[in-house]
Amino acid sequence: METMQQAEPATGMCVIWSTVPPSRSEDLAKRLLDKELVACVNITPVRSLYRWKGEACDDREHLLIMKTKKSLADLVIRELKGMHPYEVPEIIVLPVIAGHPPYLAWVQEETRD
Amino acid sequence: METMQQAEPATGMCVIWSTVPPSRSEDLAKRLLDKELVACVNITPVRSLYRWKGEACDDREHLLIMKTKKSLADLVIRELKGMHPYEVPEIIVLPVIAGHPPYLAWVQEETRD
Amino acid sequence: METMQQAEPATGMCVIWSTVPPSRSEDLAKRLLDKELVACVNITPVRSLYRWKGEACDDREHLLIMKTKKSLADLVIRELKGMHPYEVPEIIVLPVIAGHPPYLAWVQEETRD
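Protein chains in written order, with the numbering used here: chain A, 1 to 113; chain B, 1001 to 1113; chain C, 2001 to 2113.
A portion of the hints provided could be inaccurate.
[Unchecked claim] So the derived list for chain C, only partly shown, Cβ under 8 Å to chain B, looks like this:
#1 R2047
#2 A2073
#3 P2089
[As the list claims (entries may be wrong)] Calculated pairs, DSS-like style, for lysine-lysine (alpha carbon to alpha carbon, straight line, at most 25 Å):
#4 A:K53 to C:K2035
#5 A:K35 to A:K81
#6 B:K1081 to B:K1030
#7 C:K2035 to C:K2081
#8 C:K2081 to C:K2030
#9 C:K2053 to B:K1030
#10 A:K30 to B:K1053
#11 C:K2053 to C:K2081
#12 B:K1053 to B:K1035
#13 A:K53 to C:K2053
#14 B:K1081 to A:K35
#15 B:K1035 to B:K1081
#16 A:K81 to A:K53
#17 A:K30 to A:K81
#18 B:K1035 to C:K2053
Please keep in mind that the hints were generated in silico from the structure rather than gathered at the bench.
Bear in mind that the values here come from a model prediction, so they are computed numbers and not experimental data.
Heads up, the beta-carbon is just placed ideally off N, CA and C, and yes, glycines get one too.
Given only the sequences and the hints, what does the whole structure look like? Please build it.
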């Protein structure tokens, strides 16, 4: 990979992705919102191709795109894992390096301290 | 979070996300392209769950996935905010840490200096 | 952009995006999976607006969202470029800064060393 190293500016915000069964996306999103663990959740349908224990899988899932404080990421991961129907759910965190300041502030206000 | 600290390689490129009303996605995308502020915009429908001023909201939106130079991110944020119909639009920036070199170069060429 | 500099924690994992013709998404995803270059691929339809050699383009594409080891990113880029029908395909890499530990471990196990 390109070698020009540079620490990314931090906004205190992150995006968390998780794939879930379509039947559970609304429920999981609303429970995380009610716990003030995330400020907003976008849901979009995806087709997921992967291997599970050697078997090729081709599933229709919903991708949850959750916006929250970076400091809450570990707690969101633990809570979502506890609600999630899969044995090993995909829950990953991506950094947000900039944004519209009032929106970044809104995410902070909408999520627990 | 995992503590192995590592500055990410930088590519000079970023991805900017914004959620917009479906009726405005094409217009906003084309205006940013015409101003050479972004090289490419992907548009995909999402369902958005969030609270606004204490009210639970459940909206159909379009997610704009914009690819541009990192150095243009602040300008894209300001310009998009000026065109956007929401009071506090979601406009966030994610880092791109590597990519197909000719594509990264194309993004640089397609956007203003 | 905000100036508070902070090296992001690294997980050894990344997400790779590429836009492809809808007719090729399944084939390209399965070939990368078979080569153990990626652990999982989500596919979602997008509308892409951009300019190519001065011409405004408005295409229906599929976005491939691939999860893999960061150490494999360059190889995935080269292999996908070799299979991809476009002259200059979009292939970009985003960092994953945290995640559900068993899932991060699964991505490592499912992809070649």
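Checked hints:
1. The interface hint given for R2047 of chain C is met, as the beta carbon of that residue sits about 4 Å from the closest beta carbon of chain B, less than 8 Å.
2. At its closest, the beta carbon of A2073 of chain C sits 5 Å from a beta carbon of chain B; the interface hint therefore holds under the 8 Å criterion.
3. The closest approach between the C-beta of P2089 of chain C and any C-beta of chain B is roughly 6 Å, which is under the 8 Å cut-off, so the hint is satisfied.
4. Between the alpha carbons of K53 of chain A and K2035 of chain C the distance comes to roughly 16 Å, so the proposed pair stays at or under 25 Å and holds.
5. Of the supplied pair hints, the one linking K35 of chain A and K81 of chain A holds, its CA atoms being roughly 14 Å apart against a limit of 25 Å.
6. Between K1081 of chain B and K1030 of chain B the alpha-carbon distance is near 15 Å, which keeps this suggested pair within the 25 Å criterion.
7. In summary, the hint linking K2035 of chain C to K2081 of chain C is supported, as the alpha carbons are separated by about 14 Å, within the 25 Å threshold.
8. Taking the CA atoms of K2081 of chain C and K2030 of chain C, the gap is about 15 Å. The hint holds against a cut of 25 Å.
9. For the suggested pair K2053 of chain C and K1030 of chain B, the alpha carbons sit about 16 Å apart, so the restraint of at most 25 Å is met.
10. With a C-alpha separation of about 16 Å, the suggested pairing of K30 of chain A with K1053 of chain B holds against the 25 Å cut-off.
11. Distance hint between K2053 of chain C and K2081 of chain C is fulfilled; the C-alpha atoms sit about 20 Å from each other, no more than 25 Å.
12. Of the pairs offered as hints, the one joining K1053 of chain B and K1035 of chain B is violated, with about 34 Å between alpha carbons and a cut-off of 25 Å exceeded.
13. About 46 Å separates the Cα atoms of K53 of chain A and K2053 of chain C, which puts this hinted pair outside 25 Å; it is violated.
14. Proximity of K1081 of chain B to K35 of chain A is assessed by CA-CA distance (about 29 Å); at most 25 Å being required, the pair is judged violated.
15. With a CA separation close to 14 Å, the supplied pair K1035 of chain B and K1081 of chain B stays within the 25 Å bound.
16. Taken as a hint, the K81 of chain A and K53 of chain A pair is honoured in the structure, with Cα atoms around 20 Å apart against an allowance of 25 Å.
17. Note on K30 of chain A and K81 of chain A: the hinted pairing holds, with a Cα-Cα distance of about 15 Å set against a maximum of 25 Å.
18. For a cut-off of 25 Å, the pair hint linking K1035 of chain B to K2053 of chain C stands: about 16 Å separates their Cα positions.
Of the hints listed earlier, those the structure fails to meet are numbers 12, 13 and 14, in rising order.
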